[in-house]
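> Respectively, the protein sequence lines represent chains Z and D.
My numbering numbers the first residue of the first sequence as 1 and each following residue consecutively.
My numbering numbers the first residue of the second sequence as 1 and each following residue consecutively.
Accuracy of the hints is not assured; some may be wrong.
It does not matter which identical chain is used: a pair holds within one copy or between any two.
Result set (DSSO-like, lysine-lysine): computed pairs, CA atoms no more than 30 angstroms apart in a straight line [unchecked claim]:
hint : residue 1 : residue 2
1    : K244      : K161
2    : K73       : K269
3    : K73       : K85
4    : K22       : K130
5    : K73       : K181
Keep in mind that the hints were calculated from the coordinates and are not lab data.
Residues per chain are reported as follows:
2 protein chains.
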Amino acid sequence: MRIAIDAHGGDHAPFAVIEGVKMAAREWPDTTIVLVGCSDSILPESIPGIEFRQVTEIIEPEDEPVRSVRRKKDSSIVVGCQMVKEKKVDAFISGGNTGALMAAGLFYTGRLPGVDRPALAPVLPTLSGKGILVLDVGANPEARAEHLHQYARLGSVYAEKVLGFDAPRIGLLNIGTEEGKGTELTKSAFALFQADDAIRFMGNVEARDVLYGPCEVLVCDGYSGNILLKNTEGVAKAIFDRLKQELTANLLNKLAAAILKPGLKRFAKEMDYKEHGGAPLLGLAGPIIKAHGSSDATAFYNAIRQARRFVANNVIAQMEEEFSRGRGE
Amino acid sequence: MRIAIDAHGGDHAPFAVIEGVKMAAREWPDTTIVLVGCSDSILPESIPGIEFRQVTEIIEPEDEPVRSVRRKKDSSIVVGCQMVKEKKVDAFISGGNTGALMAAGLFYTGRLPGVDRPALAPVLPTLSGKGILVLDVGANPEARAEHLHQYARLGSVYAEKVLGFDAPRIGLLNIGTEEGKGTELTKSAFALFQADDAIRFMGNVEARDVLYGPCEVLVCDGYSGNILLKNTEGVAKAIFDRLKQELTANLLNKLAAAILKPGLKRFAKEMDYKEHGGAPLLGLAGPIIKAHGSSDATAFYNAIRQARRFVANNVIAQMEEEFSRGRGE
Numbered sequence: 001m002r003i004a005i006d007a008h009g010g011d012h013a014p015f016a017v018i019e020g021v022k023m024a025a026r027e028w029p030d031t032t033i034v035l036v037g038c039s040d041s042i043l044p045e046s047i048p049g050i051e052f053r054q055v056t057e058i059i060e061p062e063d064e065p066v067r068s069v070r071r072k073k074d075s076s077i078v079v080g081c082q083m084v085k086e087k088k089v090d091a092f093i094s095g096g097n098t099g100a101l102m103a104a105g106l107f108y109t110g111r112l113p114g115v116d117r118p119a120l121a122p123v124l125p126t127l128s129g130k131g132i133l134v135l136d137v138g139a140n141p142e143a144r145a146e147h148l149h150q151y152a153r154l155g156s157v158y159a160e161k162v163l164g165f166d167a168p169r170i171g172l173l174n175i176g177t178e179e180g181k182g183t184e185l186t187k188s189a190f191a192l193f194q195a196d197d198a199i200r201f202m203g204n205v206e207a208r209d210v211l212y213g214p215c216e217v218l219v220c221d222g223y224s225g226n227i228l229l230k231n232t233e234g235v236a237k238a239i240f241d242r243l244k245q246e247l248t249a250n251l252l253n254k255l256a257a258a259i260l261k262p263g264l265k266r267f268a269k270e271m272d273y274k275e276h277g278g279a280p281l282l283g284l285a286g287p288i289i290k291a292h293g294s295s296d297a298t299a300f301y302n303a304i305r306q307a308r309r310f311v312a313n314n315v316i317a318q319m320e321e322e323f324s325r326g327r328g329e
Numbered sequence: 001m002r003i004a005i006d007a008h009g010g011d012h013a014p015f016a017v018i019e020g021v022k023m024a025a026r027e028w029p030d031t032t033i034v035l036v037g038c039s040d041s042i043l044p045e046s047i048p049g050i051e052f053r054q055v056t057e058i059i060e061p062e063d064e065p066v067r068s069v070r071r072k073k074d075s076s077i078v079v080g081c082q083m084v085k086e087k088k089v090d091a092f093i094s095g096g097n098t099g100a101l102m103a104a105g106l107f108y109t110g111r112l113p114g115v116d117r118p119a120l121a122p123v124l125p126t127l128s129g130k131g132i133l134v135l136d137v138g139a140n141p142e143a144r145a146e147h148l149h150q151y152a153r154l155g156s157v158y159a160e161k162v163l164g165f166d167a168p169r170i171g172l173l174n175i176g177t178e179e180g181k182g183t184e185l186t187k188s189a190f191a192l193f194q195a196d197d198a199i200r201f202m203g204n205v206e207a208r209d210v211l212y213g214p215c216e217v218l219v220c221d222g223y224s225g226n227i228l229l230k231n232t233e234g235v236a237k238a239i240f241d242r243l244k245q246e247l248t249a250n251l252l253n254k255l256a257a258a259i260l261k262p263g264l265k266r267f268a269k270e271m272d273y274k275e276h277g278g279a280p281l282l283g284l285a286g287p288i289i290k291a292h293g294s295s296d297a298t299a300f301y302n303a304i305r306q307a308r309r310f311v312a313n314n315v316i317a318q319m320e321e322e323f324s325r326g327r328g329e
């Protein structure tokens, strides 16, 4: 198996990427990791299982996505997506510009037949520890009901084959649990989901229940999903920030905090989405994974683990099958 | 001043309502509180400053809003809204069925001239302690840009006159801070906000920043606002639930928790939206406030304080002025 990774993607690149790649190369000798970067000086030693693919350009986080992938054709993001298309690698991972990765995926890797719009699908942590796949979280701010239906089908295959959920339950993000709640979009999507026997639709899910893990796959339009994702991050961060203040307020509190530290650290780790790998761009014709911008070495290592499962379980072929079945509808 | 309150609204009604009313009557002798309920036996003693208005029906939380306010014409919610219209009271508070309160407000109290759709506008807690007014959070799941603009104008007046913010900053909930981000709706709303000199528009606000209080008024469509509100509640609850587990995991942790208890309690109180009173239905022709369903006596007392400010500062008249100014646009 060959997995390409963007040496320049993420706040801690290239060092965190290289450390993660080294960890992965040690762990999985059956996998060749192709580091796509501007200078091979970032990887001075020759390490078994790691190849280097030289490029000359970098797409910056603030670059306008569509324009940058059209212009910077020798950037790590564009080259990574092309390598997937040309089957020079089996998967590509980047912690860089999300919009550019999506645009490069669309232009250079292409979509699965039957999919209108690929979706960005991260796993949010849940109290149960299993996590919940949420899609779309912003690849496409606006969606029609048939797009949400495609997300549900893509998410269902991915959750089963990569995340290991048996017959994953699909929920529809909405502002009430009863049928008939919400917008024209959610009402139409509800009807489409309910009519599809190939997915295990369990109804509307309210935003307050998401972290309790009411389903394995949560479907929403990109605008709402982005609000949900960023709000979850923001509220958790705000509470942990405030908690830290409390725990360091005085000497006695610091002592109490020292006692609680192992448990709180475990908890913070559970809530850390980086533990769950990156977010796949579901609906593209190859496995392309967006690692979180703040990824550390472990996060990149986890993203490589995830890409391995994506490839080993032949997920793209199964999505193709799902959508060829759907074409006769 | 006369403020009516629904004796039957909320999970802890009528007892929490009555306790809150008693606290308010003691605190503000200039205010007569009209308890609207089915049986005066719920208030056995005669208390100075408290009147009773008998009704014969109750709208239940699970009742379909529009149908119930049309049929149950002698319910506390309908009668309360009518009393505002007929100027028998200056304001009405209910902790009951939100949709029914909105429907009764529309049918029996009416809208302000120039307002298409009233919005539900709660205050979310922020780390700074000042709170942030968010509207709409679900009165109308779908909105057009001009509705968002109306929310911004209504929220601006309310935040200044009732919440006491000087020249409140208006933010637009969006999936990126740059202009041009988001959906057709947010793009059009951005342009309308920017062109209006009477509001202090500070641009797009991302969901991850809301609890840090980036502005005083946050505008969004009802569907997104509802997702934001319920997600904030849900994430905070999930974290506190999990924290509780950690704090009681063993004897040593319980000891540490005892030390931290006062600080953590203070923090939990800061995060409690009940401290911020109820959510006004902005855009109706009178002050109508939705108290949270889980309101306790203090929350009802706080909602009465808020209704007093709403009335004393002549906010409805100022909103009318704001919208008469706008009519020539």
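> Can you name, in rising order, the numbers of the hints this structure does not satisfy?
1, 2
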